[in-house]
Amino acid sequence: MTEALLEVHDLVVEFPTRKGTLTAVDGISFAVHRGEVLGIVGESGAGKSMTGSAIIGLIEPPGHIAGGTVHLAGERIDNLSLDAMRRVRGKKIGVVFQDPLTSLNPLYTIAEQLVETIRTHLPLSERAARDRAIGLLDEVGIPAAARRIDDYPHQFSGGMRQRVVIALALAAEPELVIADEPTTALDVSVQAQIIDVLKRLCAEHGAAVMLITHDMGVIAETADRVAVMYAGRIAEIGPVRDVVKDAKHPYTDGLMGSIPTLTHAEDRLTQIPGSMPRLTAIPPGCAFNPRCPKVFERCRTERPNPQPVSDRQVACWLYDGEAHP
Amino acid sequence: MTQALVNVENLGRAFDVSKPWLNRVLEREERKFLIAVDDVSFEINKGETFALVGESGSGKSTIAKLIVGLIPPTAGKISFDGTELRLDSGSQMRQMRSRFQMIFQDPFASLNPRWRVGDIIAEPMRAFGLAKDSASAAKRVDELLETVGLTAADAAKYPHEFSGGQRQRVAIARALSAKPEFIVCDEPTSALDVSVQAQILNLMRDLQDEFGLTYLFISHDLSVVRHMATRIGVLYLGRLVEIAEAKALFTHPQHPYTRMLLDAVPDLEMTGRDHKPIEGEIPNPIDPPSGCAFHPRCAFANDRCRAETPVLKPVETGEAACFAVEEGRI
Amino acid sequence: MSHVTGEGAGAGTAGRPQDEAPSSLLARALDSDIWYSFKRSKVTIVAAAVTALYFASALFAPWIAPHNPSDLASLSLLDSLNPPAWIEGGTTTFVLGTDDQGRDVLSAILYGSRISLAVGFVSVLLAAFLGITLGLVSGYVGGRTDSIIMRIADVQLTFPAILIALLIDGSVRGVLGGINREESAFYVLVASIGLSFWVQYARTVRSSTLVEKNKEYVQAARLIGLHPAIIMARHVLPNVMGPVLVVATINLALAIITEATLSFLGVGIPPTQPSLGTLIRIGNDFLFSGEWWITIFPGIALAILVLAVNLLGDWLRDALNPKLR
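Residue numbers (our numbering), protein chains in the order written: chain A, 1 to 325; chain B, 1001 to 1330; chain C, 2001 to 2325.
Just so you know, not all the hints are guaranteed correct.
Mimicking SDA-like on lysine to any residue, the simulated pairs with C-alpha atoms at most 20 angstroms apart in a straight line are [said to hold, decoys possible]: (1) B:K1247 to A:L262; (2) C:K2215 to B:I1071; (3) A:K19 to C:I2034; (4) B:K1132 to C:L2226; (5) A:K19 to B:E1161; (6) B:K1247 to A:T263; (7) A:K19 to C:D2033; (8) B:K1247 to B:D1263; (9) A:K92 to A:T120; (10) B:K1065 to B:S1041; (11) B:K1313 to B:E1043; (12) B:K1065 to C:L2210; (13) B:K1157 to C:R2234; (14) B:K1132 to C:I2224; (15) B:K1139 to B:A1153.
Quick caveat, the hints were computed from the structure, so don't treat them as lab data.
Work out the full structure: start from the sequences and follow the hints.
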């Protein structure tokens, strides 16, 4: 494994509200290595999008990072000024959001937006930047890129727009691309194309990817490693194939069983009783304990921290002491 | 051969998407129609789950609304238990309405936020005069709440006090309220998280067994459909391209579009598989391609596909509308 | 990126880890966001207090006013044109002075606010009833009905409300031909103000109705074959009332001003039962002969009332609009 590109250590994101402080992300740690695709998966309210926003400094106030550190290529980025952060975003971190329309300005042509982004971050002439922009559009698979570059965003279909956004994210040769639900708004047949483009291009450009999604299927087909989040914490993190085939954390196990698959139809899906706790009422101890089939006394009082279990990290008392030498 | 409960024949629905009259006159434009559903025929047998899958613009939600009579068709007819549904016949329609129900996609919009859950569930039985008095209605509401996995005490609460999955349970209880035989489920779990989706899908199957319900299950999610359906119809741009037994559709897909869809769905079991690259996107339904609407994205398309529109023809697994399949080119 | 709200989302059956909602209506009201935003805005508290004070003094005018301005027997010309108490020649019997008939200005203001508020309130109710009904029908039924109602509204909007009120007032008087002028004045005024202000309600309700009627709960009601009138009244109406409340509050201030204007112009409430507007008109004649108090005090009273109601309306609009919070 190569050196860590992004290191998140004990990150805490809080939202003060009139009824008390909500902890949306509660002390999570993980690393993204150069050239890998890390999937972050979780159900709504698990804090996965908030983690992404925290890393790129885009948490909506009054939310804020209340603890922990984020290092990108050895440089600390969680305490940067707004201006410095804006330079990091774009130059070093490219971002792809769920809805391509929010990432593209409807009043400017694709060319204007791409050239501006390229020239903000790279010392290129107008001409050279435009050539580079056309090259990028070509790479993301937009037919007749040289002609279509002068079109406005509304002249593209949803899938094509998301391709443009990927081109925009890669424009300044970032080291890391954070993609937050990049395919959720798209149809299945288009979704597969976008995932392909994202995966291929990031590999070609040597960018690591942090792929945030609720869709375990997308993660399974795309990511190298996956972090499963529950109630603002990481339940399990490890190589994607192992997590899917042999989940260690009871939540991950239940989650995998609840996903219907194409290959064999069971009569009943595994169901996890209950629902994810509201942020206002996270139970003490392990956040999953009220729904856990394997709960025991310790889970109700003490909070488990991720600890190594074979090739991954699992936050569950079931595995306490197992991996200690 | 069981008798079909729902029979849909040559169903069609066009929406007028023309500009206002004055603009049309000034800009010399013709009236424009979006053909959302075109010549769709299928039948649903008693006790089965018939699924319609399709991507955006396939017309699946329009078909749902047509079948329950929320909008009138512009062509074809729908029969329920042998009787043709006629929206213009008030008394007959009223009688029919108590026999089918619908579960909607968005549990946050399908429950009136100003009503208590108990009143929401009781409304259909009140409308059809199935409750003798308010005490018996309340008793039935309590039963229904427990049937769907909630508690009787929840009747006094408002929808905002529930999570998405619980709201969908309330919506299911409302659908069961008037004791229907047939329920149209329009993407009932697409707004829910996977673990909650599993709860709702399991509940729907249990209810089907318990009350002998017939479902029309509409979804864009092939793996959910695989789990729920007995038979499946695949829609593309308002037309049925394939109908097959559920299992056969996944093992032996016929139509090139079905094959492409199956290949595109991300699946847990297929980590690291290589996708065949998929071509193109869904065309604009206002201006669909000539002939077979799928031909611009189809690897097997020839001149006939570009000129003629294929219709459903029997194949081994069911029916498919494809010249390539018909001529044995695939 | 709106994953963090109070709603932790997710769902399920048993063991819902959320606090039971407060049961009583009062407890719910005190727990609501509206009450919270009310408590935080000092201006709103003052405005609400002032408005409440006006309503109370209008309601209890016969008991708290030092004199009865309409009791001719108690008036004495000897007391006429007394200045306010703190000016030489004034007496503490008439704190704000007297007019040319010897009427106590303070008492006249208390009784006058009573009439002003009554006219404002009843005409707002009339306008709201008309506007809500027409707006609901227009939005829900759509098509030709919608076009007709909205074109009438458009035409009416091209005239100032005051002009319409004058027109209606004039025609009604013409029809009634001076019969019972004094008794009918109140109703004529209410009708003319009510008829000239319905458009805003209709437009507000129509646009909310257009949104609500496409929601699935309305489709669920149509599915069971309910009559459109029942769906409008029982399903749509309760969900479009929020914005109506805002319009109504702001229109109360407008209606009071319109009443004052009409009365000032001499087509409103007759001087025997003076409203604030009538008082201002009467006093206006004496403004240049030095007896300023007869018109200035009712003017101030009117200004404070309208300001308070307006501030209340502004707050309500912000409090009910989640986008501004």
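| Numbers of unmet hints, in rising order | none
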